[in-house]
Every structure is written in structure tokens, then in C-alpha cells.
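Protein chains: 8
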Amino acid sequence: MQHKARKFSTRAKAVTTTAALAAVAAGVTGAVSASADTTDTTTAAAPAAVTAVKDKAVTTTDHLTVQAATDAAQAALKAAQKEGQRVSVAVVDRNGNTLVTLRGDGAGPQAYESAVKKAYTAVAWNTPTSRLTERLKSAPTLKDIPGTLFLAGGAPVTHDDTPIAGVGVAGAPSGDLDEKFAQAGVAAIGNRR
Amino acid sequence: MQHKARKFSTRAKAVTTTAALAAVAAGVTGAVSASADTTDTTTAAAPAAVTAVKDKAVTTTDHLTVQAATDAAQAALKAAQKEGQRVSVAVVDRNGNTLVTLRGDGAGPQAYESAVKKAYTAVAWNTPTSRLTERLKSAPTLKDIPGTLFLAGGAPVTHDDTPIAGVGVAGAPSGDLDEKFAQAGVAAIGNRR
Amino acid sequence: MQHKARKFSTRAKAVTTTAALAAVAAGVTGAVSASADTTDTTTAAAPAAVTAVKDKAVTTTDHLTVQAATDAAQAALKAAQKEGQRVSVAVVDRNGNTLVTLRGDGAGPQAYESAVKKAYTAVAWNTPTSRLTERLKSAPTLKDIPGTLFLAGGAPVTHDDTPIAGVGVAGAPSGDLDEKFAQAGVAAIGNRR
Amino acid sequence: MQHKARKFSTRAKAVTTTAALAAVAAGVTGAVSASADTTDTTTAAAPAAVTAVKDKAVTTTDHLTVQAATDAAQAALKAAQKEGQRVSVAVVDRNGNTLVTLRGDGAGPQAYESAVKKAYTAVAWNTPTSRLTERLKSAPTLKDIPGTLFLAGGAPVTHDDTPIAGVGVAGAPSGDLDEKFAQAGVAAIGNRR
Amino acid sequence: MQHKARKFSTRAKAVTTTAALAAVAAGVTGAVSASADTTDTTTAAAPAAVTAVKDKAVTTTDHLTVQAATDAAQAALKAAQKEGQRVSVAVVDRNGNTLVTLRGDGAGPQAYESAVKKAYTAVAWNTPTSRLTERLKSAPTLKDIPGTLFLAGGAPVTHDDTPIAGVGVAGAPSGDLDEKFAQAGVAAIGNRR
Amino acid sequence: MQHKARKFSTRAKAVTTTAALAAVAAGVTGAVSASADTTDTTTAAAPAAVTAVKDKAVTTTDHLTVQAATDAAQAALKAAQKEGQRVSVAVVDRNGNTLVTLRGDGAGPQAYESAVKKAYTAVAWNTPTSRLTERLKSAPTLKDIPGTLFLAGGAPVTHDDTPIAGVGVAGAPSGDLDEKFAQAGVAAIGNRR
Amino acid sequence: MQHKARKFSTRAKAVTTTAALAAVAAGVTGAVSASADTTDTTTAAAPAAVTAVKDKAVTTTDHLTVQAATDAAQAALKAAQKEGQRVSVAVVDRNGNTLVTLRGDGAGPQAYESAVKKAYTAVAWNTPTSRLTERLKSAPTLKDIPGTLFLAGGAPVTHDDTPIAGVGVAGAPSGDLDEKFAQAGVAAIGNRR
Amino acid sequence: MQHKARKFSTRAKAVTTTAALAAVAAGVTGAVSASADTTDTTTAAAPAAVTAVKDKAVTTTDHLTVQAATDAAQAALKAAQKEGQRVSVAVVDRNGNTLVTLRGDGAGPQAYESAVKKAYTAVAWNTPTSRLTERLKSAPTLKDIPGTLFLAGGAPVTHDDTPIAGVGVAGAPSGDLDEKFAQAGVAAIGNRR
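Protein chains in written order, with our numbering: chain A, 1 to 193; chain B, 1 to 193; chain C, 1 to 193; chain D, 1 to 193; chain E, 1 to 193; chain F, 1 to 193; chain G, 1 to 193; chain H, 1 to 193.
Hints in this document: simulated from the structure, not taken from any laboratory. Ideal placement from N, C-alpha and C gives every residue a C-beta, glycine not left out. Any given hint might turn out to be false.
To be verified - Here are some of the chain G residues that sit facing chain B, going by a computed Cβ distance under 7 Å: (1) T59; (2) N95; (3) G96; (4) A124; (5) T141; (6) D144; (7) I145; (8) P146.
Given only the sequences and the hints, what does the whole structure look like? Please build it.
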């Protein structure tokens, strides 16, 4: 992740979710869901509830957009289909959250979760998982870290020399094939160096 | 799912994964992955290992292709973005397996898993989740079934009058909005009746 | 899984669950359960809720019927009992879902879940698990994939040269015995080639 | 469970698994599995390892045989199929262990685990789950006990006035239907009173 | 487990829990708990709910009484305390259920769950866990079976030449010490042969 | 918990585990277990590895001894047996760790984990769980806190006016009975006020 | 989260982890750990492994620094201690990841995880959890979303009108007290508006 | 842990939580939270509910204060930052409970849980985790104990020659670096010997 100094705007962004909250207050059954971003500034009675933090308390990080992540996943899937391979694909961000998953037609049941774990492992160490398996020779317990899978098929995505995501592929008969497809996914959204 | 009589072809599909198996036999480090479909007919020594079942033992089911599922998920996400809402989207098939997930930019952290559970619930009962919440009045413990979320935002997908998938959306300030986006996802791959 | 072009019938299958829904609407306490397939077309007010997808969005897969899966499991159990062995048996489909489990009389407590995992592993790689243990020599981290157990005792079931299920047996004093019983289960539903 | 005084035989049951252990000792790769009952009395060097407990330290309990449990599950499934309902079925013993599961063709994905939990709940309270939902009026937190599902569809099995198993069914459009099928399962193995 | 023919008494055991059920019916808040054995024969309206199974559908198994299991656990703990070792102890039955646990004063946090898993492993294979670690040489994936721990410190308990429980100890500086204490626990309830 | 000023002794407690460590160093297969308290001061080369913290960084808490916890659990079990009730019992300390569990003969399968959760809940709020269920009227989501069960049957144990443990009982036909037995357990180790 | 256009620097950030990688290559036992950010550009042979994504594929989000999160947590804890209350505290970011946890001296065992869930809930809905409990009146199943706890004691943190974190407190005798302490934590890092 | 004889004060500590309980009784919505230490002596009607245990039933243990644990964690983090390393830090007590966690800015997603497990492992064996990896040579299954991670980066904290906590660090490119930072954390609260 990147940690740069940044200017913050001082404008007061309009609160767009008031209507939604009103709907809730009206007691409409089933109207409220897993809502987000509902900055509630409607009542003066609870000012402490909305406290903006000082600028120096904040840092920024880079993320793949969901569109870019979808592009990468689809490119990986297409690369596999082109070679007649049935795989599943996942893209995981640097925080370890899964951004996109695609369960490929006819892929084995184990491929879905394998793809997620390969993507996670690639972004965690910023290294293709095929190389990470070599590291196990000197530190075999690395593979006991929760969430990881030290098996070829994961490729990292970087921006400004920092890891921001991983693409994982599983289901082809060899990990090298999986990783080739994962790299095709990365290439679809990247600038080669 | 549909259960129809079906003719099975008698052709012997070419086994395409022999090369991959050979690679494994060669002991290439890291070369084997979460492989699928590696019908192994290379050795006569273990004929029992590959036994094809009789036709009457088999039934067929319909599934969304991964492409159709991705189209539905992206259409739902776009419908939300058009209204300035930040959501996550999921498509789950009739077996309960997640086909596609998209974590939308800026969606709340709870939206991702909520979307999966809404999609699951919609396909399980073949009913939009907004209506299922009404059923809780007479059977409140329905919501204790593992994997479900009885909250508006899930919409079923049918084919030949049979449920084959569910689309789930979460993160908008109301469940009704979430479900509107989910329906947009279903519509993108469907024929209106 | 098989992915073939398929003609879809255009007939409108009668909705058989209307009565059940009515029962729910009547508020009968405890009357609603984990219901399935309740295609709700009773109300014109929510047409978007039931959208049938276009044919090209759909693919079909083959499954063992529950009857065939039960036959396989019972045959495996009987084969074990004939040799005085106490085992548990499981049948898992290509989506990774468990179809049938049988906890054999007097089998060790670890046998039940072991059987499920062996069946899962056999169908995932379409290979008897006794052979898969050999693959660990070149790719030892394969066994870290969730849901798998690389121990003899699992046998794949194929149809039209495609894996559709796995039979797993555990509890005998050797994995070779377990796998022999699993193969007996596969044979009971299969056509030898 | 029953707790009766019992005479124990003094005969020394022949140890039948010695061969298996020998196979292990021979180092046959992959030959050892999830073995059970391998009473090892071959070596005098470790007498402490095999200590038989005194008779007064032991009590006996009754269990359904796996055959009876399978009969019950299949009868329940058939009762549902006869009415055109797609359900999954489970049989759980008094220790809470699942004895048999059957994932019915076309049953919803939520039905499988629901059936297990209904069976568990029925045997735990020795009461049909349709009645247990009524108990929630006076003790609503009963349903928070792990492993339970207070939804109609589970029926207890008794022997000598003691609960020994539960049959659970899920997937029909109403819990009353589910429970009717579960009772059909119980009836198939029972003596009506 | 033992599977013997058995005569079943025909007496009708008095239903002792009627009063409790009445209390529930009276709607006493908080009065109902995780109740067991409440054979409900009070209402003639639901005869199907209580169906006794036929005798041939039933088998019996032997279990340690909770008193014997507690005696074993306490004897193991005392053996450790006598040597100044701080350990935790567990007793697990042949169904894999934990009967008794004792978290020893000052034992490490990892000892509690380790003791349970050692006891489970010992009863599953009916072999002291110190010997089972040797089996891993020929079948290293045995240790991937859920619930097991292949580490010295577990000892099986047998009755009539059948495994009925396991005692596990963990926390001493060596597994051999742990197993010595576990054997002391077994000896406390056993007849040496 | 109590937080009192305390004098710390300055004596150097003899390291008693050196022999065990030596055994490890000798490479005895299987000799190392889940060891505890192995204060390693044998090598001068790694002084940083053993750093004793300053006195002001430390506070003390009171715990039931394992003997007292066992006494309480057994007293609770006996109280239940005296009334012909089949229950399971647990004792949990103020840190939330389970100290002792007893699975009573013939108790329902749900009773074991219920007892643990009741004990946890009682010590967490230092209140009998029968009363805590009343609190749910004003704060119904209290029961969503992980690890808790708001059902009668748990009783707190205090020392110096501070909660130090909880005793939980489950399996009797009513929660009031369960709690009566739990209180009998507490009484067995306590001084009535 | 904020989604703003951003200029990316073109400088090549020096790779600082080369030495560490070399250490790994040297095969130092135990030298490799859960490493991060090891941008591997040392070998020209695998250019595909490091692909930087195009700028338009990237978005940025704001996060609390770990220092700010720690300040907030400590301020909340101190506020509680000042009133003689024993609580645990957590800070969770907008991705749902826990940034900081503090288990307060003498706080109940349930407080730690409760604090994490309250913080998660507050940042997910950008609303104090005391107000979210009111929303349950119209949408009671909101509380079934995994990871949430709808109990007073969580307060959101915003930056540029966007939720970036939540502070959760648990353990005081009332949720209102918990939330007062949480707000004190937010205030410590914020600019009041 | 230490087990010393101790005098108990006989003073009656004032019950400070009566007000809070009164608030609950008043039915204030949302007023009750995950409360602790609410010794309820207000009602004479339930004397059994508060039973103080006899002194001989109690032992005491030493714990790091939350302030000391925070100091250690922050010192470890600062040591890493000084060398430009991005890590996460955790402190775990001798009961296995996590006291403090700090997710460092820019640390890999795997570092957070790795730090917790390293700290747990260090305090469980009272040994730096770098040395524990060596023990795996003679007892390789030690690493299968739940909660552990045998990877350099964990350091124990002792008091009066007894382990009371562990500090874990993860995220640096080598485990030796991680452990150096962990030791810096320990040193910050300790007296060197």
C-alpha cells in the first residue's frame, strides 16, 4: 500500500441517503437492508455520532476497481477456455477481501476455493505462487498461515510498485497452466514493464 | 431442477488430459494443481478405477453458464451505480454454490456476504426475498436455516419453470432498492413473460 | 460435466405448489418449512419476480439419481460387511455436494467425515484417491486444498467420460481395503468397460 | 438411553485385524487408512496400552442399525416422491451423530442441512418438531441451542420408551408435509402402539 | 462396539416428565430448557409421533459411565501432579463425543484441545497415539483426518476387546510423559490383563 | 477480577524442565508434546528470549482450582441424578475458558454444549441465567453475543465479590430444574452468605 | 470510501526487500516468515510475474492510521476506566478488518468479541449502534447479517463525509455507557463539527 | 502461572452496579449491553444466586495489564517501522486470550492472524517460536495443534519465572526480523536479566 501526504477537500458532501432513512422511520416492512454510507446528520441531538477525524490520522491505499477486477477475472477465464481448460477464477485485494469470483462451467468443485486462496497468497507475498512453493524448502511452515495455498496458479497485481491485488486460477490439470491463465488476467489490466 | 429422460451418446470422448498427467509423472515440482476432469484411462492395470454408470442412474439439471451469471451480476451492479448506490452482487446456483461475486467499489463490508445469502435464499425458495420476509410471520424459525438471509434484495432465476439460480444485491440504503437492482440483473439474461 | 446443445421444451409446466403457498398465506403456525420449487405465479402484481432466462444462458450437467447413489453406498457397505469390516460410506457429486452418507455399525468416529472427504477428492480429480497420494510427491501442497483427503478409499464415477460423482469409504484397517469397497459401490451402478 | 445391569461375556474375542497391522508395519505406501477396531495385542512390550475396564464402569445404549436407519430414510423419501415433493432426508442418533443422509433429486439446497437439524432436534427432545415450535412461546431462546432447528419436519424414534434416533425431512412446501414424510419413515421401521 | 442379540423388556416405563411438560404448557417464562427424554404420551391426538422401532432394528453399544470417565480423568491428572507436571485431560467415547474434560491448573492454553484430540485419536484407532505417529511413515496423510492429533499422549480404553473410549493428556514437556499419565488414567478404571 | 498491589518474590525458581528439553534435543521421536512452562535458561546465547516483565506491568486474578471446579460439576450432576434427571454439566472461568465438562449418562446430545454456554453466560454477567432471560425484554439482541445462551440453568461463582466462574447444567425437562442443580454445584464449593 | 481522480507518480520506488529475499535464497532455516511487499524485480527471466496495472483500473480509499486507531481505542478505554468500568475496545476499518483490539483488565469474556462486532456494525451502516437497534423494528432480520451486533456501544468514524472506521466498546453495565466511551474514542482523533 | 497461598480480605466490596441494574429494570430500550461484574445483591429472594467460594478453592494467576500489553505491542511496531518494515503485532496471555492487536499500516493481510498465532505459540511453550521450529524435527505433528504457528516471530513474556504472555509479529520479509521486533516489544516492558 501507498502512504502519501494528501490534501483533503473541505467541502461538505451532500448527504444523499436521508430519503432512505426517512423510509425506514416510516416503518415500511422489509424496506431496510444492508445499507451503507448513510451519514446521518438529520438530528442535532446526537452531534457526537458523526465525528470527522483529523487529516493526519488518515492514510490512503490503492485498490483495483471492481470493473478492472472483473476484466482480469474474465480474461483469465477466457485464456483457459481457449485451451479447453475448465477453471475457476478469483481476484483478492491487498486487504485479503475477495473482489470477484467466477466459477467456470465444468470446473471441479475444489477449484473455486483454491482460486481464492491462490489469489490471496499471491497478493500477500507479492509473488507468483509458483515461486512461493520454492520458499517452503527453507520455511515449510509458511503454508500453515490461515487463508493461504502454496500451489502454482496465483499472480500478483501491482501499482506504483506496490501490491494491490492477486489473481488466482484453479482447475487446470497443472498449476503451471493455472498460473499462465492468471497471468493473462493480470496482463489484461496492466502495463507491461 | 428438471428431470427428463435423455439419450446418451455412445461416442468415446477423447481424453485430453493425458499430457498433463504425464507431466505429473515426470515429477515437475509445482506442476500439479487443483486439476479437474483428468479421466485416467492410460493404464490397463486398474480398470475398476474408471467405471461409467448406467444411463438410468443419471439425471440432468440446468445451470446458468458462467457468462450468463456474470452478465446478470454486472447488470445488477450497473443498475445500482446508475442510481449512485454502492452495492455488492452475487449469483448462486440451485445447488447452493456461488457462481459469481462482485464486491462493488465503496460498498459496505457487510454487503458481500449478505448478497451471497440473499441469492441463496431466493433460489432455495424460488421467491424474491422481499416476499419471503412476509412468510416469517407464520413460520419465524425459517430464518434459522443455515445459509439464508430473509432480507429484501434477492431474486430467483428460472428456466422451464424451474429455479436454476438466484441473484442477490446488498449495500443500498433499502432492501427494496437492492431487490430492484437484483431484478435488473435477472432481466438482463431473461425473456420476460 | 457435459456441456451440450439442448432443445428446451416450451410447455408451461403446471405450478403444483400453489396450495402450499395458500396454506402459508392462511397463517397456519408452523406450516411453512424449508420449501423448494414454489414457483409463485399467483400474483400479477410482481411480474419481475419470475423471469425465465434465455436458452443460450443455460447449460446442463449430469447427476447420479439419489437412488443410484444409495445403491452405490449400500453396495460398498455390504462389500465391507462381507469381509467383517466396519466402515462408513459417502457419495459426493461433481458440485461437491454430499448425496448420501451411511454411518456403518461399529465404524470408528473418524470414518464418517473421512468417507465424505475421500469421495469429494475422487470426484474432484476424477481419480481413485490411492493414486492421488502418489501425486503428492511432486505437488505436496495439493493436500492443503479445503475439503480434500489424499488417502486411499475414494473412487470416481463417470458418465459419458465425465466425472459425475465419487464414492468414499473409511474405517477398514487399510486404505486399500476401503478403496476396494468403494469400487464395489461404483460397480453396483455401472457398466464395466 | 437405557442403563441396565448387564452380564459381560468372558470369552476372548479373536483379534481379526492383526494382518492389517502387519501390512502397516511392512511400510506399504498408502496402505493405512482411517482404520478402526485394531485391538493390538501382538506385543508384550506395551501391556499398559491395552487395558480393559471393569464391568461396573460400563453402561449400554441402544442404536438403530444402519440398515434400519437407511430403511427409514428411504421410506420417508418415497412418501414424498409419491406426492410429487422434492425433499432431503436425514437420520440422527441419540448421540447427535448423523447416521444416514439422502439428498433428494431436485430438492432445494437448504433442505439437506435442514433435514439433519430437524432430526437432531426431534431426538434431542424426543418430540416431533412441529410441537417443539409451540414450546418457543414460553422459552423462545431454546432455538438458540447449537445444532437445532425448531421447524416442523422432524420425528423421534423410540425403543423401550427411550429416544434412540430422529428422522428429519425438509424441502416440501410446508413443514406439515415434511413431518408427514418423516413419520412415514419412522413407521417403516416401527411397531405402532 | 459390540453388536449382540438382546432381549428387550416389554414393561412400559413410567413417563416421569409429564409434570415438566405441564409446566411448559402453563407458560412459565424461562421454565423450559434443553430438556431430554420427555417421552410425550399425554395426548391421544398424535399417536404417530411416538413410534417404537422393532427389536431387529436396534443394536447396543458399550459406554464408559460418566463416573468411570471422571475417575480416569482425575487419575491421569493426579499422576501428572505427582510429578509436578501441569496438564489438561480429556476422555472421549467411541462415537467421538467428549465425555469429560479437566483443564489442569497452570497447564498451557494449547493443552486443553490437544488432550481432546489425542483421546479422540486413541479411541478411533484403538491404539496409543505414540504408536500411531509411527504409522505416519507409511501413510502421512492419516493426520489430515479431522479431529485427530498424531502426538503421544492418548490411550485407548477397551471392554470385551472393543474400544469404548480414549484418554488424552497434554501439557507435559514430552509426549511420553503425557501418555504415561493417560495410561494411569486408563489403569484406574481397568482390570489389567 | 481483582486487581491488588502485590509483592513479588525475588527468588529464582528452579527450572525443573531442563531434563525434558534435553530429551527433545536428543531427537527422541515422538518425545515432544504440547509442553508448557519450559522456561529455557540453559543457553546464554539468547538472553533476549527470556525477559521478565516489571512488577507494575502485572495484575493478578482469582481462579477456581481444577479440583474445586470438578467438585462443583460432580455435585451438580449428583443433584440431578438424585431427582432422576439426565444432564450434562460444565464449569467455565471468568476468561471464558471451559475448566470442566461432564457428559451425563443418557443426557440429550444438545445438553453438553448448552451447559458450556450457560456457564459462560452466567460468569460473563455474574447473574443466574434465569434472570438474564428477563433482561432480553429490554435488550433482546444481548442474546446475539457469541458464546452465550440465555436460558435458565447457569449460576455464577464469586470470590471476594468478584465473578470467577460459572456452573452450567442442561438436559432436565425445565430450565428451573437445571439451574437448581447448577446452584447445588456452586453450593458445594462455597460459603453461604 | 472516496473515489477521486488521482495522479500517480512515475518514480520507481526502490525495492527494499531484496536483501530479505536473498536471505531466503540462502536457505536459512526458519528465516522466512509471513512477509509482505517483497516486490521481486531481481530476475529478468519472469517479467510476467510483475505487471503493474493501468491507472484507470485503480481507485483509492481512506483509512485510519494504526496510530490514530490506537489513540481512539486507548481514549475509549481511559474514559471507561475513569468511571470505574471494565470494558474491551476494538477499532474496525471500512473493509471490515479489525485494526486494533484492547482487552481491558477485568472485562467480561464476552466483551472482546462484542466490541469487534459493534465496531463492525457501526462502520458498516455509518451509524451509532444505539440507533441501529431502532431500525430492527422495521427490518428485524438486519441483525442476521454475519459479523454484526445490533447493541449500543459502536460509533462510526468519518473522513470527508465518508465512513472510514468504527469504534466498539463492550463490558459496561449498559450499552449507553459503552457507546459514550466509544464516542470518547472517536472524539480523541476527530475534529468536532 | 503461579500458585501461591493467599490471604483473602474479608471486607465487603461495595456493589457499584446497582444503578445499572435499576436502569435495566426500568426497561430502557437499548440500555443493557454486554455488562460485567454486576454482582446482584439487591434482592433477598434469591440468596443462592450469589455464592462465594471457599478460599481453598481458589488460586491466583499473573497477567499483563492491558497498558503493559499495549506498550509491548507499540514498541514492537515502532521497532519495525524504524527499519521500514510493515508488520502486524499481537499480545496473547497465558490463557490463550488475545489482549492486544495492532494491524500495521501496509502490512500484508496474512500478518494479522499470523501475529496472533505466533504470540499464542510463544506463550504456550514459553519459548521463542524460532526455536520451536527446530523441535518439529523430532515431533513434526506438534504444529498440528490448533491455534499454533511454528514460524519465527513470537517471543514469550515471563514473570517470576512463569510464562504470562507472548508477543507475536508478522509481515517482515523474514521471521528473524519479525522476532527481533517481538523481542523489542518484550524488552519495553521488562527487566533484563
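Can you give the numbers of the hints that this structure goes against, from lowest to highest? The structure breaks none of the hints.
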